[in-house]
Amino acid sequence: AQSVTQLGSHVSVSEGALVLLRCNYSSSVPPYLFWYVQYPNQGLQLLLKYTSAATLVKGINGFEAEFKKSETSFHLTKPSAHMSDAAEYFCAVSAARGNTPLVFGKGTRLSVIA
Amino acid sequence: DTAVSQTPKYLVTQMGNDKSIKCEQNLGHDTMYWYKQDSKKFLKIMFSYNNKELIINETVPNRFSPKSPDKAHLNLHINSLELGDSAVYFCASSQGEVPLGAFFGQGTRLTVV
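Protein chains in written order, with the numbering used here: chain A, 1 to 114; chain B, 1001 to 1113.
Just so you know, not all the hints are guaranteed correct.
Said to hold, decoys possible - Here are some chain A residues pointing at chain B (derived, C-beta under 7 Å): (1) LEU46; (2) ASP85; (3) ALA86; (4) PHE104; (5) LYS106.
To be verified - A few chain B residues that don't get close to chain A, going by computed Cβ distances all over 12 Å: (6) THR1013; (7) LYS1022; (8) GLY1028; (9) LYS1040; (10) LYS1044; (11) SER1048; (12) ILE1055; (13) GLU1058; (14) SER1065; (15) ALA1072; (16) ASN1075; (17) SER1086; (18) ALA1092; (19) VAL1112; (20) VAL1113.
Note that these hints are calculated values from the structure, not bench results. Computed from a prediction, not measured in an experiment: that's the story for all the values here. For every residue, glycine included, the Cβ atom is placed at its ideal position computed from N, Cα and C.
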């Protein structure tokens, strides 16, 4: 079974500051890991994914994440926050084998202060 | 063209009613899902279909019945609606048995009064 823990339900950063959203996973089999973003009243948009290739994954809007097996982590970072980054961010895990749907963390709300 | 589209976007109904939510994807994917997002934004899988065949059915009340007439459509019918069914329901699709990233619809906000 897979599970995801997102540390911090709310993170607040200043515009231009580093964004760090934390995600730790648990999986009994090799995982695939994802970050999604949800803007108010919208669906989820895939930011980036780790599917057992490069451990440092670059996504859209300047975000990246690093898969660290030893730490069971997949933290999301962005060097410089922009006001438009304010949204809910979800980390998700699935297994690298058949018929396992995405299992989501509880989400982290990112606020960006001008 | 919207990749995964759901209708309606908003649904307000009384307790005890029966309602349906429709979902269509034009991505050519073979797997579709229904997720429920509660008031605390927690997303939980409800159902998964692969090539019109039900492959995942989480602990969902049997008042909820998914139907997949073809690979591009997955509808959700809910009988005898209860207050606790109020949530946002998301349809999603992916290709293959291992989701390398699912595409989500805009969601249907269901409010039961």
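Kindly indicate which numbered hints from before are broken by the structure, ordering the numbers from low to high.
2, 3, 9, 10, 11, 12, 13, 18
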